[in-house]
Amino acid sequence: MGKAQVIPFGPQHPVLPEPIHLDLVVQDETVVDVLPQIGFIHRGLEKLVETHDIHQYIYVAERICGICAFGHSMGYAETVERLMNVEVPKRAEYLRVIMHELSRIHSHLLWMGLAADAFGYESLFMHTWRLRERVLDIFEAVAGGRVILSYTLLGGVTNDVDEPMLAHIKDVLAGMKKEYNELCNAFLKDTSVKNRTVGVGTLSQEEAIEYGIVGPFARASNVNNDVRCIGQGAYGELSSFEPILDTDGDCYARVKVRALEVLQAIDIINELIDKIPGGPILNPVKGAPEAGSEASGILEQPRGEVYYYCSGNGTKNLERMRIRTPTSQNIAGMTMALKGCDLADVNMIVLSIDPCISCTER
Amino acid sequence: MGSFKLGRMTLRSLFKKPETVLYPVEKRYEPEGLKGHIAVDIKKCTMCGVCQKRCPTGAITVDKEAGTWTINRFDCIQCRTCVRDCAFDCLTMEPGYQKPATEKFSATETKPEPTDEELAEKARKEAEKAARVKAALEAKAAREKAAKEAEGQ
Ligand code: SF4
Ligand code: SF4
Numbered sequence: 000m001g002k003a004q005v006i007p008f009g010p011q012h013p014v015l016p017e018p019i020h021l022d023l024v025v026q027d028e029t030v031v032d033v034l035p036q037i038g039f040i041h042r043g044l045e046k047l048v049e050t051h052d053i054h055q056y057i058y059v060a061e062r063i064c065g066i067c068a069f070g071h072s073m074g075y076a077e078t079v080e081r082l083m084n085v086e087v088p089k090r091a092e093y094l095r096v097i098m099h100e101l102s103r104i105h106s107h108l109l110w111m112g113l114a115a116d117a118f119g120y121e122s123l124f125m126h127t128w129r130l131r132e133r134v135l136d137i138f139e140a141v142a143g144g145r146v147i148l149s150y151t152l153l154g155g156v157t158n159d160v161d162e163p164m165l166a167h168i169k170d171v172l173a174g175m176k177k178e179y180n181e182l183c184n185a186f187l188k189d190t191s192v193k194n195r196t197v198g199v200g201t202l203s204q205e206e207a208i209e210y211g212i213v214g215p216f217a218r219a220s221n222v223n224n225d226v227r228c229i230g231q232g233a234y235g236e237l238s239s240f241e242p243i244l245d246t247d248g249d250c251y252a253r254v255k256v257r258a259l260e261v262l263q264a265i266d267i268i269n270e271l272i273d274k275i276p277g278g279p280i281l282n283p284v285k286g287a288p289e290a291g292s293e294a295s296g297i298l299e300q301p302r303g304e305v306y307y308y309c310s311g312n313g314t315k316n317l318e319r320m321r322i323r324t325p326t327s328q329n330i331a332g333m334t335m336a337l338k339g340c341d342l343a344d345v346n347m348i349v350l351s352i353d354p355c356i357s358c359t360e361r
Numbered sequence: 000m001g002s003f004k005l006g007r008m009t010l011r012s013l014f015k016k017p018e019t020v021l022y023p024v025e026k027r028y029e030p031e032g033l034k035g036h037i038a039v040d041i042k043k044c045t046m047c048g049v050c051q052k053r054c055p056t057g058a059i060t061v062d063k064e065a066g067t068w069t070i071n072r073f074d075c076i077q078c079r080t081c082v083r084d085c086a087f088d089c090l091t092m093e094p095g096y097q098k099p100a101t102e103k104f105s106a107t108e109t110k111p112e113p114t115d116e117e118l119a120e121k122a123r124k125e126a127e128k129a130a131r132v133k134a135a136l137e138a139k140a141a142r143e144k145a146a147k148e149a150e151g152q
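Heads up: the protein sequence lines correspond to chains A and B, in order.
Counted from 1, the first sequence has number 288 at position 289 by numbering that gives the first Met the number 0; the numbering is strictly sequential.
Counted from 1, the second sequence has number 27 at position 28 by numbering that gives the first Met the number 0; the numbering is strictly sequential.
Worth double-checking, as some hints may not be accurate.
Simulated pairs of lysine-lysine, BS3-like, Cα-Cα distance not exceeding 25 Å [said to hold, decoys possible]:
no.	chain 1	residue 1	chain 2	residue 2
1	A	LYS285	A	LYS274
2	B	LYS15	A	LYS176
3	B	LYS52	B	LYS42
4	B	LYS15	B	LYS63
5	A	LYS2	A	LYS338
6	B	LYS16	A	LYS176
7	B	LYS15	A	LYS177
8	B	LYS133	B	LYS144
9	B	LYS42	B	LYS110
10	B	LYS43	B	LYS124
11	B	LYS16	A	LYS169
12	A	LYS176	A	LYS274
13	B	LYS16	B	LYS26
14	B	LYS43	B	LYS110
15	A	LYS315	B	LYS52
16	A	LYS274	A	LYS169
17	A	LYS46	A	LYS315
18	B	LYS110	B	LYS63
19	B	LYS133	B	LYS42
20	B	LYS139	A	LYS46
21	B	LYS15	A	LYS169
22	B	LYS43	B	LYS121
23	B	LYS103	B	LYS124
24	A	LYS177	A	LYS274
25	A	LYS46	A	LYS2
26	B	LYS52	A	LYS285
27	A	LYS177	B	LYS26
Source of the hints: derived by calculation from the structure; they are not laboratory data.
Quantities reported herein were computed from a predicted structural model and do not represent experimental measurements.
Go ahead and model the full structure; you've got the sequences and the hints to work with.
Next up, the structure:
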């Protein structure tokens, strides 16, 4: 055994668009210990509840993370609605979930592209992102923006989606599904993908539970913590919902879970579009949350469970807003998965948890 | 197992037209409702200042004295709050993004001086209102008087 050395990884690293720093303790090309360090892009967004009222904060919540932008605005709105006992019209709930599942598709496709880039399969990367563009076009047509949608309002959504548009979404998804199956075939069966992912960065079920990891990272280690099972909002109206699990706990299992979740999301959207009820889309929220009232909410985002807490103080501004994001949970699990791996596999493993550092630091 | 799983898709894309467009020669289509920039119909604006109050980024400044409505398009996040909340429907969201620039600047719209016709219309409306108020006051006084007389009897 050679002498242990420390190799810095990040905060600027080609594999990650976001800054996280890892000190890798390496012995003969094998990682023996990892020390993560975060705090490079803290923006103090939770503090902004003091200067932005409950309606304006939606646009701050949206900017917590670019990829889960819609999810954060939805989670925040649901929590404040619970705080103020506001009932959301059924149609708005359906529309929110449809948009949220579309976000999941685009987030997973983005991640799959980045993963393909990390293991050096450039054409797969390009094709995945080409397909992702279709979802962004839907967003653009529905909400007027590609990434930041500003589609949620307290008590509903901003504008209705008419029948022809819903049919168009179904058409686009049907076309996408065909091409996506081909991509999936490459991700799940290609030797060059398997060589880089099978058996790499394994995390057992016990470890996954011990470190409290969430999202597809946990589901790849056979831990079912998919919050969608609870059936909040329009998720409760689905005829059946089975979370996608895998038992291997390696990078390949994580690719597989996400790849299949995209197909699952397409099915969910199709089912909800078929079932969507008519009616109003907004129940305007008036007044302010009562002093001392508290509420919390959870939501399954593409990267895992997000927890929101808020409390009111009788004014238009919240007393406190607290968000726990999936990546802050998953970093501990990631350091475990990294121990004992080859130095060359570090970037694949770091990427396989789908880290979102701007969520983590807010 | 096997390699070149993506071969067919890649081959196909050799013969397809490119997914990208040659910006700036070619422009992407802009869907209706694209969040480009805020346009104001300054004639309708009453300078009530609601848009300034509700805007989450403070991009709008309304000066009632000077009759100006100012927007800093670089601060605007295209959230549409002002469009929704303006009671007089003078704001709209239109396609077309703000061009990049090296410095932030604001665009100001000034409420035009009212024309003679508009002034006449305003004067007429005010006179009507005054007449209505006067009639109402007189009616009230008459009612009160009648009530007093009734009490006196
Ligand atoms: S809310 Fe409408 S009427 Fe009022 S100042 Fe703004 S643009 Fe003018
Ligand atoms: S769209 Fe939003 S950010 Fe822009 S001016 Fe209107 S309220 Fe302000």
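Straight-line alpha-carbon gap A:LYS46 to A:LYS2, limit 25 Å: Roughly 46 Å between the alpha carbons, so the hint for A:LYS46 and A:LYS2 is violated.
Pair hint outcome, B:LYS43 versus B:LYS110 [Cα-Cα no greater than 25 Å]: holds, 9 Å
Hint consistency between B:LYS133 and B:LYS144 [alpha-carbon to alpha-carbon, up to 25 Å]: holds, 16 Å
Hint consistency between B:LYS15 and A:LYS177 [alpha-carbon to alpha-carbon, up to 25 Å]: Between B:LYS15 and A:LYS177 the Cα gap is close to 17 Å, so the pair holds against 25 Å.
Pair hint outcome, B:LYS15 versus A:LYS169 [Cα-Cα no greater than 25 Å]: Since the Cα atoms of B:LYS15 and A:LYS169 sit roughly 24 Å apart, the hinted pair holds (cutoff 25 Å).
25 Å limit on alpha-carbon distance, applied to hinted pair B:LYS43 and B:LYS124: holds, 17 Å
Restraint status (C-alpha distance of A:LYS2 to A:LYS338 at most 25 Å): The given pair, whose Cα atoms are some 17 Å apart, holds under the 25 Å limit.
Restraint status (C-alpha distance of B:LYS16 to A:LYS176 at most 25 Å): holds, 20 Å
Pair hint outcome, B:LYS15 versus B:LYS63 [Cα-Cα no greater than 25 Å]: violated, 57 Å
25 Å Cα cutoff - pair B:LYS110, B:LYS63: Within the cut-off at roughly 10 Å; holds.
Restraint check for A:LYS176 with A:LYS274, where alpha carbons must lie at most 25 Å apart: holds, 20 Å
Restraint check for B:LYS15 with A:LYS176, where alpha carbons must lie at most 25 Å apart: holds, 19 Å
The structure fails hints 1, 4, 19, 20, 23, 25, 27 (numbered hints given earlier, in ascending order).
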